[in-house]
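Chain order of the listed sequences is A and B. The first sequence: position 85 = 84 (numbering that gives the first Met the number 0), numbered continuously. The second sequence: position 112 = 111 (numbering that gives the first Met the number 0), numbered continuously.
Don't read these hints as lab results, they were simulated from the structure. Watch out, some of these pointers could steer you wrong.
[Unchecked claim] Partial selection, computed: residues in chain B whose CB lies under 7 Å from chain A:
{"hint": "1", "residue": "Arg230"}
{"hint": "2", "residue": "Ala284"}
{"hint": "3", "residue": "Val288"}
{"hint": "4", "residue": "Ala292"}
{"hint": "5", "residue": "Thr323"}
Cβ atoms here follow ideal geometry from the backbone N, Cα and C, with glycine treated the same way.
Here is how the chains run, residue by residue.
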Amino acid sequence: MTDTIKNRIKEIIAEQAMLEPDQVTDESTPEELGIDSLGLVESIFALEEEFDISIPFNANEPSKSEFDISNMGTIIAAVERLVAQKAA
Amino acid sequence: MTDKKTRKKAATRKTAAASGGEARSGLRRVVITGAGTINALGHDVETTLQAFREGRSGISQLDFRDVERLSIQIGAQVHDWRAEDYFNRQQILLYDKFTQFTLLAAKQAVAQSGLDFEGALGLSAGVVLGTAGGGLNTWDENYRAVYEEGKNRVHPFVVPKLMNNAAASHLSMEYGLRGPAFTVATACASSNHAMGLAFQMVRSGAAQVMLTGGSEAMLCFGGVKAWEGLRVMSKDACRPFSANRNGMVQGEGAGVFVFEDYDHARARGADILAEVVGFAMSSDAQDIVMPSAQGAERAITGAMRDAGLNPDQIGYINAHGTGTAANDKTECAAVAHAFGHHADRLMISSTKSMHGHLIGGTGAVELLACIMALREGIIAPTIGYQEQDPECALDVVPNEAREAKVDAVLSNAFAFGGLNAVIALRGV
């Protein structure tokens, strides 16, 4: 199940970045993928819609948000945690 | 005929030059002779100014249908608004809340000016207002009726109630303003664009008197839900320029002013609140949401140039100061660059910390703080200020109002879509 979530997240981010999913690695940062602040807000919305979760994110203080957007690995971990919380 | 026209023109020029001193040939001086408002701080100008002096916040828990489904639940709402105190049943059916706010503010402004638009004056008087959402409550209520409640019929006045020009049209009808009348929509700069255009019309002689300002009533479920999506709203407070700021807080209300030809105002012995001396607008032509310091700076320097003011003559700026990370640092960079060394000597505050962000109506309510600075020598504070931000290293008049004599001031507005509008005022 986790692999499915991970792949789906990469597909969503890749679509936003106009890249192929395999070009998105765990180490990729939003900046490296060419995702600007508005693109980030759009990506988070797409993830919320896909997994029916609410992601705590304020564009004014991205580093202080509980949702860590440092790179794809942290984003995937945070989404997986929110999906697990929803299931519990 | 031609002779007569030429003579009249020459005479006008002479008057403008004689009374204006610095007025450019053929241009009239423009003064403010009336002001009115309703917003979360008060239902009139004096209550609002008292809140500015005290540094009082109008931000609180929002109260309207379905608010529990919002993740942002604070705003500067006009809580004790009862339309039936001001309007009859038939008027309420026809006036969206943004029109109601406008009519109330205009009534105060016109009363203060002492003008009567009966007869010839009405023909050379008009109205230009700003709003971003227009009758948003009307949209919200009626979409709810047809989509959520499955109704197949809406009230016949839905369209005349929700249209963005409704408030301007009702003002023209209320006072018999038969000259130029229209509404400007430039998001958060709407009121400044409207007032700038009104200023240009009186200055050019296209109108003798203009009612101008703006209104917004976006605090309803759909209005706030839409803003939530951008993730730029604060859940707790509006703290412009503070390092720990975390977003904007929406407000609602209206501000309306009487802009009048100086000679006309003097001839009838009107009390003059301030002189409007300059206006400039610019477009970033860059990004639909991220602001540009260069675009803002061009509007700031443009307004000073239009006014014939040097940067060191500006004592106070009412900032756009939304409390978002992006706006406040960009605005400070623009001011620092536009003013050079003088940036360290001028005061700049954001009153949105008190009345919230009235979106299309915000510049109108903020102009009140500019008038207070010029007339009373009291600078409205930026409240909620807690931590210095090196990217906003200007004198933001933190938390407490300050006494200071200023001769000329600016009011900034920078909208989503990269549309900037800055107004310059001077004391009279």
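Checklist entry - Among the hints numbered above, which are violated by the structure, and what are their numbers in rising order? => result The structure conflicts with hints 2, 4, although it agrees with all the remaining ones.
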